[in-house]
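Student: One letter stands for each residue in the lines below.
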Amino acid sequence: MSAVIESNHDDHHHGPAKGFSRWLYTTNHKDIGSMYLWFSLIMLFIGGAMAMVIRAELFEPGSQIVSPEFYNQMVTNHGLIMVFGVIMPAFVGFANWMIPMQIGAPDMALPRLNNLSFWILPAAFGILLSTFFMEGGAPNFGWTFYAPLSTEYAPPSVTFFIFSVHIMGASSIMGSINIITTILNMRAPGMTLMKMPLFVWSWFITAYLLIAVMPVLAGAVTMMLMDIHFGTSFFKAAGGGDPVLFQHIFWFFGHPEVYIMILPAFGIVSHIIETFSRKPIFGYSSMVYAIASIALLSFVVWAHHMFTVGMPIAGELFFMYSTMLIAIPTGVKVFNWLSTMFKGSLTFETPMLFSIAFVALFTIGGLSGIMLAIAPADFQYHDTYFVVAHFHYVLVPGALFSLLAGAYYWLPKWTGHMYDETLGKTHFWMSFISVNLTFFPMHFVGLAGMPRRIPDYSMQFADWNMMVSVGAFLFGLSQLLFLFIVIKCVLNGKKATAEVWEGAKGFEWTVDSPPPYHTFSSPPSMETLKA
Amino acid sequence: MNSTKRSASKLVLMTCGMFCFGFALVPIYDVFCDITGLNGKISGPTFTSYDQAIETREVQITFVTSNNNKMPWSFKSASPQMRVKTGEDYLMNFTFKNTTDKPMIAQAIPSVSPGRGARYFHKTECFCFEQQFLEAGESITVPVKFIIDPELPKNIASLALGYTLFDVTEEFTNLQALN
Chain A
176 MSAVIESNHD
186 DHHHGPAKGF
196 SRWLYTTNHK
206 DIGSMYLWFS
216 LIMLFIGGAM
226 AMVIRAELFE
236 PGSQIVSPEF
246 YNQMVTNHGL
256 IMVFGVIMPA
266 FVGFANWMIP
276 MQIGAPDMAL
286 PRLNNLSFWI
296 LPAAFGILLS
306 TFFMEGGAPN
316 FGWTFYAPLS
326 TEYAPPSVTF
336 FIFSVHIMGA
346 SSIMGSINII
356 TTILNMRAPG
366 MTLMKMPLFV
376 WSWFITAYLL
386 IAVMPVLAGA
396 VTMMLMDIHF
406 GTSFFKAAGG
416 GDPVLFQHIF
426 WFFGHPEVYI
436 MILPAFGIVS
446 HIIETFSRKP
456 IFGYSSMVYA
466 IASIALLSFV
476 VWAHHMFTVG
486 MPIAGELFFM
496 YSTMLIAIPT
506 GVKVFNWLST
516 MFKGSLTFET
526 PMLFSIAFVA
536 LFTIGGLSGI
546 MLAIAPADFQ
556 YHDTYFVVAH
566 FHYVLVPGAL
576 FSLLAGAYYW
586 LPKWTGHMYD
596 ETLGKTHFWM
606 SFISVNLTFF
616 PMHFVGLAGM
626 PRRIPDYSMQ
636 FADWNMMVSV
646 GAFLFGLSQL
656 LFLFIVIKCV
666 LNGKKATAEV
676 WEGAKGFEWT
686 VDSPPPYHTF
696 SSPPSMETLK
706 A
Chain B
5 MNSTKRSASK
15 LVLMTCGMFC
25 FGFALVPIYD
35 VFCDITGLNG
45 KISGPTFTSY
55 DQAIETREVQ
65 ITFVTSNNNK
75 MPWSFKSASP
85 QMRVKTGEDY
95 LMNFTFKNTT
105 DKPMIAQAIP
115 SVSPGRGARY
125 FHKTECFCFE
135 QQFLEAGESI
145 TVPVKFIIDP
155 ELPKNIASLA
165 LGYTLFDVTE
175 EFTNLQALN
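Those protein sequence lines, which keep their order, are chains A and B.
Each residue of the first sequence is one higher than the one before, starting from 176 at the first, in this note's numbering.
Each residue of the second sequence is one higher than the one before, starting from 5 at the first, in this note's numbering.
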């Protein structure tokens, strides 16, 4: 009897709608995840093109290709797009695809909100990019948009910038509400919090960070808007306001923001390293506590970005020590990854290569972070290329490499096809070499005093800058290879098995590759993970 | 489904709370700076008396005047420096001149450095407590009266009082139009 009912049910069961409306109206977490990922890949190439313009201008000293005004617009929008348009949406894409599948839920808890939070993103970036065609040009005040540079001295397009930041914030907040609600309410029976996959844990904490700080950013841009148009004086010294206040509010958002861009990376890399070491992750609970303590500490370190504004010694010491404290949980994570690999039966497929590179190069970025945390030394490093080298090391071979690793790791699951391993490895080695060629010499020119955000430089920095530019062009090219690999995989990759990787653990590997449009309509049992 | 609604509404509340917190940072920051005297901000004329038991000493005061952005007025102190005894009243004159051919309103914003010394710099009278309105070509000389607190930390041997002059003509006329 029940068999009859089920087959009837199958007749009614429908897959995705056809055509564009499928994507416009979809509430399916897999569809929305894919859209997030494609969106961030497109934005990667737009933001990357801006980086190419910057490096072309800096290829040789002197004013070469673009005007200083346009150079400023490139620097600003490169930063904004890479942060808000690439890294963050890509991680949300991973969250959409993987969180329901890793916790055995049929979909996200609030599917329509999910659709909305994706579809307002293209609107936000449409507005931001449209400012290039406006009178006075696009925002040119740096991605940190310090007032009064972004208020009194800003181009008229700043109002559009403010609205686009509002929309991006709304998108992230809605996404986070959805993720937390899903994790809290839709886990498979028996999956207690301390049995959740680490990627889920990392996003659980990241989503709380987003909810805590994105509204503060929204507040900051709202104050800017009021200063510009409604005659308030939040940041205007003439009216009793204070420009330094802007920096405090911005970095109260900004420092948790940088962890928002790295915590999900920790989750992805943990899964990949355990799979290709064929060992469970070393120190699971310490990993969870480390993520949580990094997140908590991120709220009390913000002023290390502004040591040079003139703080009392006590303030500098507080922010210096609290910043250095973050090295401890981060160190716990790094050593846990190393211990997971220790005596494991390692194989080096592309996701693993990217993950090992992540551990090594992210640590370099972390160590230069400790250097920058030293308040007296920071007066030398502040606003030089050393800072640029530092945050690119944690964001490119850090966050971006983890995204690439995760993409290679789950691509067979998403598409049902294997990617081309030889091409994948080629992509890795090209990226690995060029990323270091691009960002490592920036340490040297930074320590020697080359300031950031300036379209020209003194002769003594010429050789290193040329090398950096060559590295950057090569890195840009390597990412086109990635696009080719993804398209090739989707179109005619080898058929992938359900498990894909030998010894991969987790609910996502118990369903077919590609997974059916609706997975886990009835929750899976934790027993299936024990095998 | 109810539990989903409950978690979602809690999170929405949190979002609203943090949005308000962003704005609350503005007064928190002002109060914090006021208490600690950071940022070289000086509060109004509150000083009345001090502990006579503390020995007085000499301190060097430097006066710095500067114009914000394209503010065209000329703005100078009568002398660039003076030596003062702590605990005694002093006066320094500042001269403003509107060098343009139209009436303007200006606001001078004070700042004391080192910031640690700000709370020991007491002004009993200052042109910076209000706006200056000058007709085209008009000039005016106004005083600052101040006392340096004898409790000024021993390691501060000199203080700088800086004024930045802002053009607030537009803001001020807008404000009056509103009223």
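One or more of the hints may lead you astray.
[To be verified] On the chain A side, residues computed to face chain B include the following (Cβ under 10 Å): (1) 243; (2) 328; (3) 331; (4) 353; (5) 387; (6) 388; (7) 391; (8) 392; (9) 414; (10) 486; (11) 487; (12) 558.
Since the hints were made in silico from the structure, they are not lab data.
Glycine included, every Cβ here is placed at the ideal spot set by N, Cα and C.
Student: Against this structure, judge whether each hint is valid.
Tutor: So, going through the hints one by one against the coordinates:
1. 243: Violated, because the Cβ-Cβ distance from residue 243 of chain A to chain B comes to roughly 20 Å (cut-off 10 Å).
2. 328: holds (8 Å)
3. 331: Hint violated; residue 331 of chain A Cβ to chain B Cβ min 16 Å, cut 10 Å.
4. 353: holds (8 Å)
5. 387: holds (5 Å)
6. 388: Holds, because the Cβ-Cβ distance from residue 388 of chain A to chain B comes to roughly 7 Å (cut-off 10 Å).
7. 391: holds (4 Å)
8. 392: holds (8 Å)
9. 414: Interface hint status for residue 414 of chain A: holds (6 Å vs cutoff 10 Å).
10. 486: At about 8 Å, which falls below the 10 Å cut-off, the nearest Cβ of chain B leaves the hint on residue 486 of chain A intact, so it holds.
11. 487: holds (6 Å)
12. 558: Violated, because the Cβ-Cβ distance from residue 558 of chain A to chain B comes to roughly 21 Å (cut-off 10 Å).
Hints 1, 3 and 12 from the list above are not met by this structure, while the remaining hints are.
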